[in-house]
Amino acid sequence: MAAMNDLMRIVRINENIKTVVTQARRINLLALNAILLSRRAGKLALGFGVISDELRTFSKDLTTTMRVLMTLSYGSVAIVSQFQRYSHVNYILQTTEKASHHQLVRQRLAFSNKKLAELETGLNKVYQDLARYIDDAETAGRFGSVIARSLKIEATYGGGFHQILAQIATEFSYYIDSIPGILQQIQGYLKRNSLR
Amino acid sequence: MKRAFTIYQNGEHIWRVIARDPERPDFLIDTNEYLISYKEKSILTDPGGIEIFPSVFAAISAAANPENISALFASHQDPDIISSLSLWLEFNPDLPCYVPWLWAGFIPHFGGNKNTFIPIPDEGMPINLNGLELRAIPAHYLHSSGNLNLYDATAKILFSGDIGAALLPADDTQMFVQDFDKVIKHAEGFHRRWMGSEPAKRDWCERVSKLDIDMMCPQHGAIFQGADVQRFIHWFDELKIGVMKKG
Chain A
14 MAAMNDLMRI
24 VRINENIKTV
34 VTQARRINLL
44 ALNAILLSRR
54 AGKLALGFGV
64 ISDELRTFSK
74 DLTTTMRVLM
84 TLSYGSVAIV
94 SQFQRYSHVN
104 YILQTTEKAS
114 HHQLVRQRLA
124 FSNKKLAELE
134 TGLNKVYQDL
144 ARYIDDAETA
154 GRFGSVIARS
164 LKIEATYGGG
174 FHQILAQIAT
184 EFSYYIDSIP
194 GILQQIQGYL
204 KRNSLR
Chain B
131 MKRAFTIYQN
141 GEHIWRVIAR
151 DPERPDFLID
161 TNEYLISYKE
171 KSILTDPGGI
181 EIFPSVFAAI
191 SAAANPENIS
201 ALFASHQDPD
211 IISSLSLWLE
221 FNPDLPCYVP
231 WLWAGFIPHF
241 GGNKNTFIPI
251 PDEGMPINLN
261 GLELRAIPAH
271 YLHSSGNLNL
281 YDATAKILFS
291 GDIGAALLPA
301 DDTQMFVQDF
311 DKVIKHAEGF
321 HRRWMGSEPA
331 KRDWCERVSK
341 LDIDMMCPQH
351 GAIFQGADVQ
361 RFIHWFDELK
371 IGVMKKG
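Note that the protein sequences, when read in sequence, are chains A and B. Take any residue in the first sequence, count from 1 to its spot, add 13: that is its number in the numbering used here. Take any residue in the second sequence, count from 1 to its spot, add 130: that is its number in the numbering used here.
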């Protein structure tokens, strides 16, 4: 992990975010189907329909959080690439300073160092924001897991439809339970060392 | 921010264009980057200048996994083509970069080491993208003296670099050429001044007119498709090039 550069880290974060968005889309579609099916099942599946609607809202909220995360991580690409550019400039200035001891070069080097420090602060801020949103998503994920479990219970009251409803509830759990692991992976990528 | 648009897809064979950056500063020329993907591996053509790297990288990340980029292709040596090389190599130090052999000693000034560059001979060569054969085809002196196009015979798409480039006004955001006559007006001055060799142009028109091409994708401006591809080749064939406007 320590050797991973920041661009690679951002790519891995983005890929994980995309996976969560895909799962959220699946949950949304499944919820739509579940709502339609519970209507067909009538009174016995009333609770199943209500909970499925909750899961639909959950998937929409999760997608919104993920979109914010994606925007933040794309923004960090600009900071990281600027940092890399200034690092190159710094290296060249350091080499020049050693060879010439020119005061102007020393001044530029000081400016470049200041710029690097600012960029590092900016990137740390982005990573902190990302971590905060991931925390929110993890909380939402736990809530989703609880609803999915309730759905399994509701499925047992589904009369003639209980088997298909139980199948849907299991599918919900499968998608929702995969999310915490992915979010933890993102948290892992966010635990970075200093840029320098 | 730039965005990636799919212009061709047949299963796992995809061409995407990274185009139009509304936030691009006026002093920078707008560029098109093309991401050609086949079975999860991709090649990125003319990755662009260092200033637009964040925008290109973010746009690619939204559509595909940049870790799957297995090579870069630089049609020639200009900074708007390949000055972002050092940043791409920061991301993946092992990324190879196909370059015209003529510039194999010049492009490293943008970054890379002796293992980075795969020089392409003057006559061009096939490039294997995870089992898909692409072909680097010569387009020397159009405009650079060492210049290559990239042809995908399966998709019938030609990446034509600066050939076909039109410097469209900022408010003209057409992805594909809608009105040939209108677009070509923005291409004419550039082609007259930048394309330096009449024999090279004739030779290119002769060779390319024989290729099966559905889309011709330049590095600047809109994409030519359908009948407009041959219209462009005829127009270019008849254009007097290597001339400066006087006065």
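It is possible that some hints are incorrect.
[To be verified] With a cut-off of at most 30 Å between alpha-carbon atoms, the simulated DSS-like pairs for lysine-lysine come out as follows:
#1 Lys171(B) with Lys315(B)
#2 Lys56(A) with Lys165(A)
#3 Lys111(A) with Lys73(A)
#4 Lys171(B) with Lys31(A)
#5 Lys286(B) with Lys204(A)
#6 Lys315(B) with Lys370(B)
#7 Lys169(B) with Lys340(B)
#8 Lys204(A) with Lys56(A)
#9 Lys169(B) with Lys31(A)
#10 Lys171(B) with Lys340(B)
#11 Lys111(A) with Lys244(B)
#12 Lys204(A) with Lys127(A)
To be clear, the hints were calculated from the coordinates, so they are not data collected in a lab.
Next item on the list: Just pull the numbers of the violated hints for me, sorted ascending.
Entry: 1, 3, 5, 8
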